[in-house]
Structures are given as C-alpha cells and as structure tokens.
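Please put together the full structure from these sequences, using the hints given.
Here's the letter readout for the chains.
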Amino acid sequence: MESLPAGETAPRGNPGAKQQNPVRFGWFVVLFCVYLLAGNLFLLLPPVRTGFVDPWTSANASWAAGAARFLGLPCEASGIMVSAGQGQLAIKPGCNGVHALLLCLSAILAYPASWPRRLLGVALAAVGVFGLNLVRLVNLFFVADRFPSRLEFFHVYVWQTLIALLAFGIFLVWGCFLAGAPGGTSRTVGG
Amino acid sequence: MPPGAPPEPWAARLRSFPLRREIFRAILAFLLYLGFYWAWSGTGLHTAYLDLLSRPAGALVRRLGHFPPVPGLPGPRLESMHTLGVFLLAVFLVSTRVPWPRRVRALAVSLVAVLALDFVSAILGLQLQAAKNAFEGPGILILLPVEYNALECLWYVAYVIPLQAGPFVLLILSALANVGFLEPKRGGRETSPPFAEETGGKRTGIRPGRKRILALTVTAAVALPAVVVTAALWMRAREFRPLHAGAHARLADLYFERNELPSARTQYLAATAGGSESERVWRRLTLIAYRKGDRAEALRILTRAMETVRDPALAEQFRALRDDIDMEDSPARNQIIAIPPPPSP
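Chains A and B are the protein sequences, given in the same order.
So for the first sequence, our numbering puts the first residue at 19; every next one is plus one.
So for the second sequence, our numbering puts the first residue at 1239; every next one is plus one.
Any given hint could turn out to be false.
Restraint ranges, calculated between C-beta atoms of paired labels, are given here [what the hints assert, rightly or not]:
#, chain 1, residue 1, chain 2, residue 2, range
1, B, Gly1303, A, Val140, 38 to 46 Å
2, B, Ala1388, A, Pro134, 38 to 46 Å
3, B, Arg1450, A, Thr68, 41 to 49 Å
4, B, Ala1551, A, Ser96, 50 to 58 Å
5, A, Glu170, B, Ala1551, 54 to 62 Å
6, A, Gln106, B, Val1342, 44 to 52 Å
7, B, Val1398, A, Gln106, 21 to 29 Å
8, A, Gln106, B, Pro1306, 37 to 45 Å
9, A, Gln106, B, Arg1496, 33 to 41 Å
10, A, Gly97, B, Pro1339, 49 to 57 Å
11, B, Arg1301, A, Glu170, 30 to 38 Å
12, B, Ala1286, A, Val174, 16 to 24 Å
Please keep in mind that the hints were generated in silico from the structure rather than gathered at the bench.
Note that this is a predicted model, so its numbers are computed, not measured.
Beta carbons are placed, not taken as given, at the ideal position from N, Cα and C, and that holds for glycine.
The following block contains the structure:
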C-alpha cells in the first residue's frame, strides 16, 4: 500500500484510496472542448487565416514538395497548389497540421500542469505533429501520382486517424513523463 | 495551477499510466480500423450508410426548406461521411480490460451519439450543397450569405471538428477506461472509483435525479420555444431582404421558362411580397393572370405594381397597361403583355 501524499485524506472504508474530485476531470473535459472549439473558430477568422494559416499552408506545401523531390518524385509547389508527378493537389487549411496540433494543444492546456511544462508539451506536440504532417503530405503526393483512386482513403481515413493517434501518443507521453507532479507539489503514484 | 493547489488524483493516475500497453492498444485499434474500413467500403456498407443518412436528412431538408426544388438541378447528395462508428468498433474490440457488459453499453451509447452527429452533419451538408448548387448553377441564392456562413460554421462544428478530434477523444476515453478510471461506482453509476470511495457512497458533483431532470425540462421549455420563435422571426424578416426576393424572382423565371405557370406565379408572388420592384416580375405576374383569363387579378397586380415601383416612368407604364388592358391595339398592352422582356442573367 502506498502512503498518501501530503494534503490528501484517506476516505472512509478505503484507507489506500486517494482524494479524488470528479469535477476536476469533468473540468478537464469541459476545458478541452472549449479550447478545441475556440481554437477552431479562431483559425476561421479572416485575419488569422490570411496572416497565419494560408502562409503556413503554402510553406508546408513547399517543404513537402522539396522533400518529395528529394525522394525522386517530380514535384512543384506554387502557393497551395502542388503538382506531384501526374497528380495535382491543393493543400487546404485543414491539411497543414495546425488542427491536429490544436487537439494536442487543447488537451495539454486543459491538463493540470504548470505553465512551463505545458509550453514544453506544446513544443513537443508542434515538432511531432508538424513533422508527421510533412511525412503525410509527401506520402499523399506519392499516392496521388501512383494510386490516385486511393487518395481519399489515405487522405481522410488513414492519415486523419494516424495523426490523431500521434496526438494521443504525444499527450500520453507528456502526461506520463513531462507534465510534472500534480499541482506542481509532489509526484504521486496512482493505483 | 498555483503551487499550493491540491493535487489531482486523476492526473496522478495518468502519470502512472501503463503507457506502452495503451499505446500498443491504440495502434492495434488503428490497424483494426483499417481492416474494418476496407470491409466497410468494399462490401458497400459505406454507400448503404450514406443512403441511410441521405434519405431522412434529404427529406427533412426538403420539408423544412423555404424554396421548392430548383428545376433542372439534381438533388444534393452526400459524398462522404466520417467513419467514427468504424473506429469506435475497433476501439471497442481492443478495450479488453473493460468488462463486456460495460463495454457493450458504452459502444451502444457512443454509436447512438455518432449516428446523431452524422445525421445532423448530413442535414447541414445537404442544405449547404443544395445552396451551392443553386448558386453556381442558375444563380439562385436560396440561402442569404449570413445564413450560409452560419450553417457552414455549424457544419464545421458537427462534421469537421469530430472528424479531426473524434479518434483522439475515443482513444483517450478508452485508455482511461482500460486503466480503470471510468469504472462504475457501487450501485451501478458510472464514475471514478476513488470518488465513490472517498465520499463513502455520497455524491458531491452534479447528481442525476429529479433536480437534473427538472433543470433539463425547464431549460428545454425555455430554449425550444425561444429557438422556434427566433427562427420564425428570422424567416419573416428575410422575406424583405432584396437578395431573398431576388431569389424568388429568379426561381420563378426558371418555372416560367419551363411553362410551369402555377409554380412561377407562387414564386413571383413571393418576390412581390418581398418588395420586388423588378419590371420583369410584375409583367410576368400580370401575364400569368391574363393568360389564365383572370382579368380582375391582372388589374389588381398592375395596381399593386403602380404602388410598389418607385420609378415614375415604370409606374406610368403599368398605369397605361391597366387602363388599356382590354384594348387589343393598345401599344402599352402589347408592350407589356405580348412581348415580355427576357430574364436578366
């Protein structure tokens, strides 16, 4: 049996169980939803779209086209349009990794941790999500060139879920190893 | 979080998480999902599901739609729909640490939620597609720009965000369920076990029961009529927007050109009720009444036209026609009735 951390009381009939407030978990869920919704709506604002989302999308298209060329696929990017071999693709705002990062960001911000550790989590998520998104774009260029009929399957069903899987992994790794002790006081071991 | 704040045991539980096991479980769910998706689309179940959603959603869009179907345009079709239900099934199968009865119950509840979400996004998607087709085709604005933007925003919330966030949320919830965080409380309620233990069976959060039902009922009783009244007021107010009257007029032109005069008349009347001052609208409405042999209605329309249009020259033309409506050699009559102007583009 573990000793209770300071400040926690043993409940009646179960001395080993720790203090738990369900409202806190509910609060995490609520905050996650609010951050996610607000973030998505924020990204729809015209100034944000023209000032950040569109340039970032073009940059992603350009980097991914460069990577695809490096791997031997004739690829040319012009703004958000990419001609990849025989395929022609438009990189839309939802394909730039920002929305996937928003998932991680919402979960990390809603999680009870100190701000420096949250920022660390956001940085980790940004590197992971944007990195995987570039891999995704390069893969989609190859699919558009070689298997155009499979493009929707890879685009919507494989990569969308795979990026969510990555976001889930990043959040868990951050929560397990980097988020620090709850409330910044002590590290506890859950049962 | 302030340094002195009490620790949060659910967060502590995450820190002692069986990470490798749960990540392996998530990867397994993803692989199963790919297999299921292959079966789902390969056997035609995906198409059947789209049909299943399209029929009631399309019927509802037609029923609630303000405009009749635009002639010559195909009905809107659902092109794709996210496969959260398929992913849910995969997560259900890999959540082996959750007892079967709870797993089945969670699956059923989640599937109903996914179905409801898909249905709502199907309605919104079909309505938006119909509006887009009508605008890009014959140039009819069946939704005002503000309405289109509002519906698109709702569709974004109901379709795009769940498409991106759904798998993430499902994975988090299944991981928490698999480590026992969402175990049932004694007495059968679903909540966290430490919470149940610490309170000795008492509930301290928002509890279900009469209070909650009462609160929900009161909220629904206030919110639903408010939504209905607001929608009704908006529907009334939009009738007087020039763009909306223009949409009625353009639709009426299409019916008129197809010689579907009763439908054209209905739409022209709606356009004139919205304050349309279009010469074409009033002429054609008069012409339809005249062709029907309803001279009295033609005169009534011309009188209304004179009162409505602000252009004195046009009002004078309508007056001349009203005065000469029975004179076959009248230039005014021939100009307005015999040779109606072509529709504007």
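Results of checking the hints against the structure:
1. B:Gly1303 x A:Val140: 38 to 46 Å: holds, 44 Å
2. B:Ala1388 x A:Pro134: 38 to 46 Å: Once the Cβ atoms are compared, 40 Å apart, the range 38 to 46 Å for Pro134 (chain A) and Ala1388 (chain B) holds.
3. B:Arg1450 x A:Thr68: 41 to 49 Å: holds, 45 Å
4. B:Ala1551 x A:Ser96: 50 to 58 Å: holds, 53 Å
5. A:Glu170 x B:Ala1551: 54 to 62 Å: Holds, at about 57 Å.
6. A:Gln106 x B:Val1342: 44 to 52 Å: holds, 46 Å
7. B:Val1398 x A:Gln106: 21 to 29 Å: holds, 23 Å
8. A:Gln106 x B:Pro1306: 37 to 45 Å: For Gln106 (chain A) and Pro1306 (chain B) the Cβ distance comes to about 38 Å; the hint holds.
9. A:Gln106 x B:Arg1496: 33 to 41 Å: Because 38 Å falls inside the window, the suggested range holds.
10. A:Gly97 x B:Pro1339: 49 to 57 Å: holds, 54 Å
11. B:Arg1301 x A:Glu170: 30 to 38 Å: With Cβ atoms ~31 Å apart, the hint holds.
12. B:Ala1286 x A:Val174: 16 to 24 Å: For Val174 (chain A) against Ala1286 (chain B), whose Cβ atoms are near 19 Å apart, the range 16 to 24 Å holds.
The structure meets every hint from the earlier list without exception.
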